[in-house]
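Undergrad: What follows is each chain in one-letter form.
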Amino acid sequence: MPYLIRKLEKKIWLDIVVAKEIGGLQADALKNFKTTENKLSVYQIENIDDRTLVIRVLAAIAAGRDKPGEIDYAIFDSMILKKIGINVEQIEGDTADQEINKLHLDLTQLKAEQILFLAEYVQKEGILERISKREITQSLTTGLEKGKLLKSKVNLKLLNKLRIS
Amino acid sequence: MTPHSDTRPINIPNFKNFLLNKKDKIRCYYPIIEPEGSSTEESVEKGFIFEPKQKLISESEGSTDEIEIIKATDKCSYVSVQETNSEETSLKKYIEAIFHYGTYEDLESGRDSIFSVRLENALKKYGNEAIDLIKEFIEENRFNVEILSYSLRIIGDFKNQQFIDKQLEILAFALKHPSPIIRDSSALGFIDLGYTGAIEFLKDAMKNEKYSMLKKDYEQAIYELGAI
Numbered sequence: 005m006p007y008l009i010r011k012l013e014k015k016i017w018l019d020i021v022v023a024k025e026i027g028g029l030q031a032d033a034l035k036n037f038k039t040t041e042n043k044l045s046v047y048q049i050e051n052i053d054d055r056t057l058v059i060r061v062l063a064a065i066a067a068g069r070d071k072p073g074e075i076d077y078a079i080f081d082s083m084i085l086k087k088i089g090i091n092v093e094q095i096e097g098d099t100a101d102q103e104i105n106k107l108h109l110d111l112t113q114l115k116a117e118q119i120l121f122l123a124e125y126v127q128k129e130g131i132l133e134r135i136s137k138r139e140i141t142q143s144l145t146t147g148l149e150k151g152k153l154l155k156s157k158v159n160l161k162l163l164n165k166l167r168i169s
Numbered sequence: 013m014t015p016h017s018d019t020r021p022i023n024i025p026n027f028k029n030f031l032l033n034k035k036d037k038i039r040c041y042y043p044i045i046e047p048e049g050s051s052t053e054e055s056v057e058k059g060f061i062f063e064p065k066q067k068l069i070s071e072s073e074g075s076t077d078e079i080e081i082i083k084a085t086d087k088c089s090y091v092s093v094q095e096t097n098s099e100e101t102s103l104k105k106y107i108e109a110i111f112h113y114g115t116y117e118d119l120e121s122g123r124d125s126i127f128s129v130r131l132e133n134a135l136k137k138y139g140n141e142a143i144d145l146i147k148e149f150i151e152e153n154r155f156n157v158e159i160l161s162y163s164l165r166i167i168g169d170f171k172n173q174q175f176i177d178k179q180l181e182i183l184a185f186a187l188k189h190p191s192p193i194i195r196d197s198s199a200l201g202f203i204d205l206g207y208t209g210a211i212e213f214l215k216d217a218m219k220n221e222k223y224s225m226l227k228k229d230y231e232q233a234i235y236e237l238g239a240i
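Line order of the protein sequences matches chains D and L. Using our numbering, you'd call the opening residue of the first sequence number 5 and step up by one each time. Using our numbering, you'd call the opening residue of the second sequence number 13 and step up by one each time.
It is worth saying that the hints were derived from the structure and are not from the lab. Careful: at least some of the hints might be erroneous.
Just a sample of chain L residues kept apart from chain D, beta carbon distances all over 12 angstroms, derived [said to hold, decoys possible]:
#1 E151
#2 R154
#3 A184
#4 K228
Cut-off 25 angstroms, straight-line C-alpha distance, at most; resulting in silico cross-link-like pairs (DMTMM-like, lysine to aspartate or glutamate) [stated by the list, open to error]:
#5 D:K128 <-> L:E231
#6 D:K11 <-> D:E93
#7 L:K222 <-> L:E151
#8 D:K155 <-> D:E103
#9 L:K171 <-> L:E148
#10 D:K14 <-> D:E25
#11 D:K165 <-> L:D169
#12 D:K38 <-> L:D124
#13 D:K14 <-> D:D98
#14 L:K227 <-> D:D53
#15 D:K14 <-> L:D169
#16 D:K128 <-> D:D81
#17 D:K11 <-> L:E151
#18 D:K137 <-> L:E148
#19 D:K106 <-> D:E41
#20 L:K227 <-> D:E25
#21 D:K161 <-> L:D124
Predicted, not measured: the structure shown is a model, and the values here were computed from it. Here a beta-carbon is modelled for each residue, glycine too, at the ideal position from N, C-alpha and C.
When you get a sec, could you build the whole thing from the sequences and use the hints?
TA: Right, here's the structure in full:
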């Protein structure tokens, strides 16, 4: 069963101890699941231990930002989507990494309660991690050098900060 | 008529009424007027308040921050005004205004924002004084946790050896804040700063941190700083 990667704004919002203190998932945690047109963006990977691929997915996301920085993320089992009746569409991503774009999925026609279930599931069962600024910077630099990242699609401000012209 | 003396947005009908008394000297908070009295293009362009600026602000060249607003357009949706005979320093009001309007923005890590551009400019210009004021805001929880934590990232990312002591001071202070969001941003700010001397602060913080997730993040921060 594939796993899904979701970029988080702040993983601490999903901290289980914080949840216990306030008696449930804190409302702020939902900021990690901010939808656009009732859609949520995720990437699927087959092997949860494939850290190289996880980093590549995150670097692809980072390539669209203004500056290199850490990224909080969650990895969780995709079976939850079926369990809570979430629609999935395989829509190619729009990052600078063409290979990673093929791993992109849109969770569509999302209802508020589905987001809540998903957030609770991710909090309880997901792996919440942070990739460092250093790792992201390295991955971006390598990706650009090896041509895995399409320079024309990388954020210009970021390119300047990476000093790659 | 009593001038508004707080910094909350007021709606345009109130603003127009306020302007009836042309002798009132008021300070305009948006577009943000810097203490020198100049209003940056950036704030005018991105601001959603005055249009066009010339019709609104009668400002003598090189004057103080005291300005007289002579006309507001209907497009002016929010404005904050304050009597300028206040004894409070204009720098404080300036930094407060940056934070105040930043709270209307959708701030996202790794993304520049009007707030980040303004705060970076303020740090470049007012360095230590600006950092002291931000520390005061954090201490008093003057603004929401998100903007305060976002400001710590900007401070950490601000590379100027001249202000390193103040940067360390505010980040170390924030590492003891009751909010885990602020503590988290403080640790990240230390990484951004790239100062290995911060390792000791983080080691200390680990001893008292009640959230295991944050402890792990401090560990990561220590590792990252050691790797620099």
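Undergrad: Next, verify each hint and record whether it holds.
TA: Verification of the hints:
1. E151: holds, 21 angstroms
2. R154: Non-interface label stands for R154 of chain L: nearest chain D Cβ at 19 angstroms, farther than 12 angstroms.
3. A184: Non-interface label stands for A184 of chain L: nearest chain D Cβ at 19 angstroms, farther than 12 angstroms.
4. K228: violated, 8 angstroms
5. D:K128 <-> L:E231: Status holds; Cα separation ~23 angstroms.
6. D:K11 <-> D:E93: The given pair, whose Cα atoms are some 18 angstroms apart, holds under the 25 angstroms limit.
7. L:K222 <-> L:E151: Judged against 25 angstroms, a Cα distance of about 20 angstroms means the pair holds.
8. D:K155 <-> D:E103: OK: K155 of chain D and E103 of chain D at ~14 angstroms, within 25 angstroms.
9. L:K171 <-> L:E148: Answer holds: K171 of chain L to E148 of chain L is near 21 angstroms, not above 25 angstroms.
10. D:K14 <-> D:E25: holds, 18 angstroms
11. D:K165 <-> L:D169: holds, 12 angstroms
12. D:K38 <-> L:D124: holds, 19 angstroms
13. D:K14 <-> D:D98: holds, 23 angstroms
14. L:K227 <-> D:D53: holds, 23 angstroms
15. D:K14 <-> L:D169: Given that 25 angstroms is the threshold and the Cα spacing comes to 18 angstroms, the pair holds.
16. D:K128 <-> D:D81: Within the cut-off at roughly 12 angstroms; holds.
17. D:K11 <-> L:E151: Violated. K11 of chain D to E151 of chain L sits at ~31 angstroms, over the 25 angstroms cutoff.
18. D:K137 <-> L:E148: Outside the cut-off at roughly 28 angstroms; violated.
19. D:K106 <-> D:E41: Holds, at roughly 21 angstroms.
20. L:K227 <-> D:E25: holds, 17 angstroms
21. D:K161 <-> L:D124: holds, 10 angstroms
When the structure is compared with the earlier hints, violations turn up for hints 4, 17, 18 and for no others.
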